[in-house]
Each structure stands twice: as C-alpha cells, then as structure tokens.
Amino acid sequence: MLPHSKIKIQNSMTPPLQSSKRSLVMNASTSRLRRLGGLLGQGFLFSVTSLSTLTVFFIFYFIAKDAFPFFKLEGFREFFTSTRWYPSGDPAEFGTMAIFFGTGIVTLGAVAVSVPLGVSAAVCLSDVLPFNARQIVKPVIEILAAIPSVAYGFFALVVFAPLLQNHGGAVLAAGACLMMAPLLVLLVVVASDLIADRCSDLMRRKARWVAGLVLGAAAFTLMTYIGRQLGAIEIASGANALNVSIILGIMALPTVVSVSEDALQAAGRDLREGSYALGATRAETILKTVIPASLSGILAAVILGVMRAIGETMVVWMASGNAARIPGPWYNVLEPVRTLTATIAGDMGEADHVTGSSRFHVLFAMAFCLLAFSFVMNLVSEGIVRRSRKKLGK
Amino acid sequence: MKKAVLSTILMAVVALTVVAEETIVLDGSTTVGPIAKAFAEYFMAMHSDVNVTVSESGSGNGAKSLINGTCDVANMSRPMKSSEFSAAAEKGIQPVAHVVALDGLPILVHPGNPVSELTLEQVRDIYLGNISNWKQVGGPDKKIVVISRDTNSGTYETFEKMVMAKKKICEKAEYVGSNGAIRQRVQSTPAAIGYAGLGFVDKTVKALKINGVYPSGATVQTGEYPIARPLFMYTNGYPKLGSPVHRFVTIHLSEDGQEIVEEIGFVPVTAY
Numbered sequence: 001m002l003p004h005s006k007i008k009i010q011n012s013m014t015p016p017l018q019s020s021k022r023s024l025v026m027n028a029s030t031s032r033l034r035r036l037g038g039l040l041g042q043g044f045l046f047s048v049t050s051l052s053t054l055t056v057f058f059i060f061y062f063i064a065k066d067a068f069p070f071f072k073l074e075g076f077r078e079f080f081t082s083t084r085w086y087p088s089g090d091p092a093e094f095g096t097m098a099i100f101f102g103t104g105i106v107t108l109g110a111v112a113v114s115v116p117l118g119v120s121a122a123v124c125l126s127d128v129l130p131f132n133a134r135q136i137v138k139p140v141i142e143i144l145a146a147i148p149s150v151a152y153g154f155f156a157l158v159v160f161a162p163l164l165q166n167h168g169g170a171v172l173a174a175g176a177c178l179m180m181a182p183l184l185v186l187l188v189v190v191a192s193d194l195i196a197d198r199c200s201d202l203m204r205r206k207a208r209w210v211a212g213l214v215l216g217a218a219a220f221t222l223m224t225y226i227g228r229q230l231g232a233i234e235i236a237s238g239a240n241a242l243n244v245s246i247i248l249g250i251m252a253l254p255t256v257v258s259v260s261e262d263a264l265q266a267a268g269r270d271l272r273e274g275s276y277a278l279g280a281t282r283a284e285t286i287l288k289t290v291i292p293a294s295l296s297g298i299l300a301a302v303i304l305g306v307m308r309a310i311g312e313t314m315v316v317w318m319a320s321g322n323a324a325r326i327p328g329p330w331y332n333v334l335e336p337v338r339t340l341t342a343t344i345a346g347d348m349g350e351a352d353h354v355t356g357s358s359r360f361h362v363l364f365a366m367a368f369c370l371l372a373f374s375f376v377m378n379l380v381s382e383g384i385v386r387r388s389r390k391k392l393g394k
Numbered sequence: 001m002k003k004a005v006l007s008t009i010l011m012a013v014v015a016l017t018v019v020a021e022e023t024i025v026l027d028g029s030t031t032v033g034p035i036a037k038a039f040a041e042y043f044m045a046m047h048s049d050v051n052v053t054v055s056e057s058g059s060g061n062g063a064k065s066l067i068n069g070t071c072d073v074a075n076m077s078r079p080m081k082s083s084e085f086s087a088a089a090e091k092g093i094q095p096v097a098h099v100v101a102l103d104g105l106p107i108l109v110h111p112g113n114p115v116s117e118l119t120l121e122q123v124r125d126i127y128l129g130n131i132s133n134w135k136q137v138g139g140p141d142k143k144i145v146v147i148s149r150d151t152n153s154g155t156y157e158t159f160e161k162m163v164m165a166k167k168k169i170c171e172k173a174e175y176v177g178s179n180g181a182i183r184q185r186v187q188s189t190p191a192a193i194g195y196a197g198l199g200f201v202d203k204t205v206k207a208l209k210i211n212g213v214y215p216s217g218a219t220v221q222t223g224e225y226p227i228a229r230p231l232f233m234y235t236n237g238y239p240k241l242g243s244p245v246h247r248f249v250t251i252h253l254s255e256d257g258q259e260i261v262e263e264i265g266f267v268p269v270t271a272y
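Residue numbers (this note's numbering), protein chains in the order written: chain A, 1 to 394; chain B, 1 to 272.
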C-alpha cells in the first residue's frame, strides 16, 4: 500500500513545483508575515486545546458544587450505608447502597460478556483471520458502536425482555451450552492427551481414544445436567440485571475488540517471527508470546469497556427494572436492579431545584461519585498503556 | 429581490410582535400539562392575538409561580395545601380553583391473568409486598411482578396518595419512565401488575375492577371508582369576565373543550 501512494503523491506534486517561478529565498516582509501567521495558528490551536481541557475542570467544579450541599444537608452515613431509596417519601430516604450495587453487578455482567468474546475476537482478527477477511469483519464489529443506545434499550425492552420471560429457561440453557461446549471440548482433548502421554508407547493410541470417549461422555452428561437445571428456571420479569448485562456487554464489545486488537497488532511482526523461528506453532505463538506481550494493552481495553458499561444510561433506564434493592442472594442476576445513571436520568425531571432540596443535590452526589470513579479508571488505563509502550520499547 | 425578501420578513416580524401583545403564562403539573397544551393550541387557533406558554415544572412549582406572580394560571394535579394558601394570602394573592378534568388510575394486568377484580386493600398489599403471589388473590401460582411509575410523575403521586395511604411501595417494585412503558411491560409480562392513566387502557392489557367497580369515564365521574382525582387550574382571584385568562380557564366547559379532554385520555367534569 504505502510505496504505491508515495509514488502517486510525487506524481501529482512535482509538476506544479517545477513550473512555479517562486524564488527560493524569501524577502524580509514575507518572512515576517509567515511567522506571524504561524504564531496565530499556533495560538488558535493552543486555545482550542486548552478549552477542551478546561471543560473537564469545569464539569468537575460544577458537579462538585451541587454535590457537596447534599452531604452538608444529610451527612455521609445514610448515603453510603443504607439501601432504602425513597427520595419522594415523607420523610425522604437517600440510601444509595443498593444503587451502587446495581451499577456494580451490571458492569461486572457486561465485563463477563464482553471481555471473553471481545478478546477472542481480537485475537482472531489479528492473528487468525486472513488479511482480507479482517478488512471486512472489523468495520462490521465497529458498526455496533454506531447504533444509538436508545435502539439497544428498545431491543432490550421489547424483544429481549419478553423472550426471557416466555422462554427464560431455554435461553439460559442454550447460552450456557454455547459457552461451555468449546471449553469442554478443549478440556477433553487436552486431558486425554495428558493421560495418553503417561501410558506406554504400545497403548498410547488406544488410551487416547478410551480416555477421550470416557471424558467426552462425562462432559456431555455434565452439560445436559446443567442445561436441564437452567432450563427449569422461570424468569418472572425480563427487565433484570442479566438482560441489561448482556446488552451492555454487546455495546462494550466494539471498544474491547478494537483497542485490544490494536494492542495485539502493536506486539509487532518481529516478535511473532522470532517465535516461529524458535519452532513454536501458531497457538503457542499466540498464547505464549503475543498475548503476554500485549497484556497491558488488553487490560486497558477492558477498562475502557468497563467505562462504556458503567456510564450507559438509556439501556439501563429502559430495561433494568429500576428496583432499588440488592437482589435475593446478591448474585441473583434474574432480579431487577437500579443503577446510578438510570437514577440520575429518571429523577432529574421533577427534582425540585428551585428550593435546592436534598432530592436535587443527591443526584449530583451520585454523579460526582461516578465521575470520580471514571476519572480514576481513566488514569489507571492511561498509566497501563504508557507502561506497556515503554516495555515494548516504543 | 433580496431587499424585497428582507423587508417582507421584517414586516412579518413587526406584525407578529404587534399582534401577539397579550400572553397567558401557565406553569405547574406534568399531568395537567397535556390538557393545558391542548387547550393552548385550541385557544391560539381561535385568538391569534393571544400568546399562551405552558411550562411543566410540577404542581408545587406551579403554586410557587402563582404566589410569586410569575404565572397567570397554575396547573395542579392536587389541591393547594394550606401552607400554600397562607403564603399566597401574605402576598395578596387569592387562589381560585378551576377543576378542568378528572383523572382515573386503572390497575392493569396481563390479559391472560384470570384475576379480574381486587379490593383497594389488596392492591395496597401487593404494592407493599405483603401479597407476593397471584394465588393469594385467586390467580395462578406465579410471583407478582410489581411495576410502578417513576417517583417524579404526578401519576405516582396520585397512586401513592390514593392507594398507598402514606405507606412506602416495597423495594422490589420496578420503576418505568412513562405510562406507555407501563402498558408495554404489562402486556408482555404475564405476572405483572401496573397502573396508568385512563387513556392508556386498550385491548392489550386488562383493567381490573377495584372494589367491584370497573374504571371508565362514567364511574370516575360519579366517584364510584376509588382511584380518581380532580385536576386543577388555579388563578389569582376569579379572572375578569371576558378577559383572555377567563376565556382560557372556561374552555373545559365548552363542548370542544370536553372533547379535547376526552381525546387525551382524561374524563370531562361535566357531560354534554
């Protein structure tokens, strides 16, 4: 690609240069004008850049300004330790622990969906698929990022929630089997290989077959058992943490895929060729060389994915059920949860800002916590990326 | 050519500013908001010389605006409190109530649910979490999915006041952002229960009889249906007869006004 385009540029650039009669030495006034123009341009660019930096500070300032009155009015204790959220009640209660929990579990769920899928897709894109296929697949994955979040929310509410309600068990069983099947196949193959290696040379072939069959049957029984158990579950309400986690996971997917694919690419051709030269297979090269070399980049991708999921509002407001309560056993993702973003969006409307009530300021207190968290996460991911660049010597 | 266009635009602007000299400012409830907006549209079509603006900031803010003299009409989904009356009296404002429409809140369930009747106490117990399975009220053995409007809405406030009797809705209740979303969730969830405005009842959901009365325009009007309320517009004193404000707050008494009220899903105060 590159040399080709260079030639093109030369072709198009050379004729006008040759034909122009401009002298190579500038006179003093032109040179001064040029310098002034340069300074002006620099100044303009500098002010635009500093404006966007200042915006961040202003956001911090204005959110903090409306967040601190809440703590002055109500103190810290109830906000962080109570789970009772009745902002319009009389007396009002502002316990946000359940809401923080909701944000946490939904984000964890989104990570559980998007990281395995996203990282394997990135490995596939960078090291397995041929170049032509990659050219097609990557843009298609990136289209996911262009879909507006309200469209995801509508899908979650109108299609996915009823599906979970009506065929919840079947959906869960199918999902679990899809996820477990490749893992179990790998496990059976590796385990039977290991067993066969311990046998004498004569028995090895037979032992591998027998072990494979026995282990395969065991794995199959396990899978059907788990599928049966999950299939018997009835989901009362489709607007729950699981629904939102899956949708958020899909939304975070393009971020995770493209950032970790960039990291894998950055590991470089020389590293891969060095590994091949030492006699490693492709699987060994990927698992033992490429992934460890780009691990910090992948971690940064995961953090960016987390931030995408944590800040998403529309989907959770529409489809998470918005019940401010820590579910039965805390890991029960089939119950509705309420998140910080959804609470801020949903309660902003009539929160009485004329009187500066706690009901108004509590939303800013939540926003401030969110902002502080994502700021720290951003710093961490920035640090990781910087460290990884240094490690790779770039 | 350019000059001609410019001057016509200028003339139009001048004409508009000259014609629209009178304004009526409305502020208050988000529930009454749609009625006020529909009335405003109707009113401005009839009187092009009057400009009507409607803002929706909540009943409490509506009362505040009227007391501070920043609006002509306060829309409220609840009657004024005595504290608001005394604040008004201090400022020399005399709030006069005009009931423009009635609003009923049907309790909705999935059309496949065999339950078709509940008492007000049963509805309250369901929302308190004391009744958590449909078999406790004669339905199938299914956990009840409790759905409520978000705490911002006038609909929620009415429900809280008329059904919950000062008790708090249980924590497991799901909250959704609009009447339409309530209907969507109820029609797709077999074990759900929810509430929405009268205008949102259709074939896809089932409205329950409460204390033996089916929610309809007629039963809301007579007061037989227990979860119903009047909707108010408050003015400072009774407006001068024939003034734009007077004409505006009496629209609901005309045949057209009653049709408008019915069209957006509320119940007219009088039958024509």
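Check the hints yourself; a few may be wrong.
Unchecked claim - List of simulated lysine-lysine pairs, DSSO-like, C-alpha gap at most 30 Å:
id: 1; chain 1: A; residue 1: Lys-72; chain 2: B; residue 2: Lys-167
id: 2; chain 1: A; residue 1: Lys-72; chain 2: B; residue 2: Lys-168
id: 3; chain 1: B; residue 1: Lys-142; chain 2: A; residue 2: Lys-72
id: 4; chain 1: B; residue 1: Lys-209; chain 2: B; residue 2: Lys-240
id: 5; chain 1: B; residue 1: Lys-81; chain 2: B; residue 2: Lys-91
id: 6; chain 1: A; residue 1: Lys-72; chain 2: B; residue 2: Lys-135
id: 7; chain 1: B; residue 1: Lys-166; chain 2: B; residue 2: Lys-135
Since the hints were made in silico from the structure, they are not lab data.
Outcome of the hint check:
no.	hint	result
1	A:Lys-72 with B:Lys-167	holds, 28 Å
2	A:Lys-72 with B:Lys-168	holds, 26 Å
3	B:Lys-142 with A:Lys-72	violated, 45 Å
4	B:Lys-209 with B:Lys-240	violated, 43 Å
5	B:Lys-81 with B:Lys-91	holds, 16 Å
6	A:Lys-72 with B:Lys-135	violated, 48 Å
7	B:Lys-166 with B:Lys-135	holds, 26 Å
The structure shown violates the earlier hints numbered 3, 4, 6.
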